[in-house]
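These protein sequences, in sequence, are chains D and A.
Be aware that the first sequence starts at 1, since it is given in the working numbering, and climbs by one per residue.
Be aware that the second sequence starts at 1, since it is given in the working numbering, and climbs by one per residue.
The hints are simulated quantities; they were obtained by calculation from the structure and are not laboratory data.
Check before you lean on any hint, since a few could be wrong.
Stated by the list, open to error - Short, incomplete list of chain D residues facing chain A, as computed with Cβ under 8 Å:
id, residue
1, 218
2, 222
3, 228
4, 232
5, 286
What the hints assert, rightly or not - Using 20 Å as the maximum straight-line C-alpha spacing, the simulated SDA-like pairs for lysine to any residue come out as follows:
id, chain 1, residue 1, chain 2, residue 2
6, D, 270, A, 124
7, D, 119, D, 101
8, D, 169, D, 193
9, D, 331, A, 124
10, A, 65, D, 119
11, D, 311, D, 325
12, A, 65, D, 291
13, A, 34, D, 288
Unchecked claim - Derived coverage of chain A by chain D (criterion: at least 3 residues anywhere in the stretch with Cβ under 8 Å from a Cβ of chain D; other residues may be distant):
id, region
14, 42-48
15, 88-97
16, 120-131
The C-beta atom is built at its ideal place from N, Cα and C for all residues, glycine as well.
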Amino acid sequence: MKQYLRIKGKGIWQLCALIVLGVALACCGEIITGVDQPGVATVGQVVPITVHIDIPTVGNGGPDYLIFGFLVPKGWKAAQNTTITYTSPTLGDGNMVLVPSTTLAKNGGGLNWPDDMKKTFGIGGNLIDDMEWVAYQTDKAFTHNGSEIKGDLNIQIKVGADNNDTQVKLGYVITDSGNGFTSDGNGTYYSEKITDCFSVTGGTGDFVDFCHPQLTTINPPKSLDNDYITLTFDGNVTTTALTGADVVYLCATAYTSDGQTIVVCEQTDKTKMVQMPDGSKKYQITFWPKSFFGTTDTQTIIKMDYFITDKTGATKVGYGNTSSPFEYNFKCS
Amino acid sequence: MLLLGTLFGSCKMEKVGPAAEAVKDISGNWKIIKATRNGADLTAIVDFSQFRLNFNQGKYTLVNKVPFLVGQNGTYALDDPKYPFKISFTAGTATPVATAFNFPIVNGARQLTLTFSPGCTNNTYVYVFQKSN
Numbered sequence: 001m002k003q004y005l006r007i008k009g010k011g012i013w014q015l016c017a018l019i020v021l022g023v024a025l026a027c028c029g030e031i032i033t034g035v036d037q038p039g040v041a042t043v044g045q046v047v048p049i050t051v052h053i054d055i056p057t058v059g060n061g062g063p064d065y066l067i068f069g070f071l072v073p074k075g076w077k078a079a080q081n082t083t084i085t086y087t088s089p090t091l092g093d094g095n096m097v098l099v100p101s102t103t104l105a106k107n108g109g110g111l112n113w114p115d116d117m118k119k120t121f122g123i124g125g126n127l128i129d130d131m132e133w134v135a136y137q138t139d140k141a142f143t144h145n146g147s148e149i150k151g152d153l154n155i156q157i158k159v160g161a162d163n164n165d166t167q168v169k170l171g172y173v174i175t176d177s178g179n180g181f182t183s184d185g186n187g188t189y190y191s192e193k194i195t196d197c198f199s200v201t202g203g204t205g206d207f208v209d210f211c212h213p214q215l216t217t218i219n220p221p222k223s224l225d226n227d228y229i230t231l232t233f234d235g236n237v238t239t240t241a242l243t244g245a246d247v248v249y250l251c252a253t254a255y256t257s258d259g260q261t262i263v264v265c266e267q268t269d270k271t272k273m274v275q276m277p278d279g280s281k282k283y284q285i286t287f288w289p290k291s292f293f294g295t296t297d298t299q300t301i302i303k304m305d306y307f308i309t310d311k312t313g314a315t316k317v318g319y320g321n322t323s324s325p326f327e328y329n330f331k332c333s
Numbered sequence: 001m002l003l004l005g006t007l008f009g010s011c012k013m014e015k016v017g018p019a020a021e022a023v024k025d026i027s028g029n030w031k032i033i034k035a036t037r038n039g040a041d042l043t044a045i046v047d048f049s050q051f052r053l054n055f056n057q058g059k060y061t062l063v064n065k066v067p068f069l070v071g072q073n074g075t076y077a078l079d080d081p082k083y084p085f086k087i088s089f090t091a092g093t094a095t096p097v098a099t100a101f102n103f104p105i106v107n108g109a110r111q112l113t114l115t116f117s118p119g120c121t122n123n124t125y126v127y128v129f130q131k132s133n
């Protein structure tokens, strides 16, 4: 007959579980306990955001600075358009200041704080790589002396400096200058919070949707006709007339600063978009617009309309899977 | 005294001067062996095989152009012939465009690495060149 080990008194198990949980919660590492952020704003509006933090500390550490990372679209120029203060009964009140780009992140493998944040947390689930981590630190240090530091980071950011309507997931991370983004036997020394899609309206520029998959994307998102651009058609987003195609082709029209339109709509190697990687249903072409459209040295391409077509050119897919073309403006901001 | 004189006189200090640093000679035809855009490798997805950058007696020539520091042929100059930190390109009468001069020896061959932004300043390209002949 099988015998199972039995420890009398289930209270012992519960007590052990509570102790383990208690140690885990009490020991070490910064925690973002919540973020108060509105869901919508208009271009140019100063948006208040509060990040609630909790730092349980153990004895004999520091003094360290609290490091805070804020993930925002590059076009917002957050470093110039943001002020952050902190309030804390234990740490006192003060300002968050930008960390110089020459300051290397602790345990960051030689990277500075923004680069280390990007390497560790990516772009927070956003789909267009035109985001940046802006790194701040407290203006005074704190020691790890066993106390628990609670407080708020109070952000005031003027959104939409690029004048673009935007949907984006904003991100927040904290750690301290003595540990960086690491974990050890004592706990995890950082905390990350990515919020739901935040919507900015009222702009006169392009609509930039970082949150939702797009049928086509262009990388780099901001470029001129003298850049190489990579155009990707993502066949996974929805079923289109091109679903199942081995290869698709780019059919594009360039609009130049001198009022010319140049059409390149052929189904040749020049316009061929290949699946990369094979079978991924993501078709890609990388080209130099100046050469692709054959502009003269004095012509500048300011805009491009385009469709994705099949081998015959008869089947076309446009913006939002409609018969209207996709549009791309060549600009840097 | 004679002994001392002989002792000191018998030794002659040999002067070993530092070897003169060679002038950095970049003349010739260069081809791109690696190219990145914002850190992402472009070499496999863009055909750079036809592009040549030729340096000859203070002049450079672009063959089968690609996005580059300059769009037209012109003159080039190093800021120091022996210890250059910068190379500048001047296309015709345009303002000179300078970038860091990186000229390491890799696997026994000189490479020339140039970093620049031909379009938006936020987009950084690095081309690694090697002599094509």
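Tested hints:
no., hint, verdict
1, 218, "12 Å, violated"
2, 222, "5 Å, holds"
3, 228, "6 Å, holds"
4, 232, "11 Å, violated"
5, 286, "5 Å, holds"
6, 270(D) / 124(A), "25 Å, violated"
7, 119(D) / 101(D), "15 Å, holds"
8, 169(D) / 193(D), "10 Å, holds"
9, 331(D) / 124(A), "15 Å, holds"
10, 65(A) / 119(D), "34 Å, violated"
11, 311(D) / 325(D), "18 Å, holds"
12, 65(A) / 291(D), "9 Å, holds"
13, 34(A) / 288(D), "17 Å, holds"
14, 42-48, "holds (count 3)"
15, 88-97, "violated (count 0)"
16, 120-131, "holds (count 5)"
Of the numbered hints given earlier, the model fails hints 1, 4, 6, 10 and 15; all others are met.
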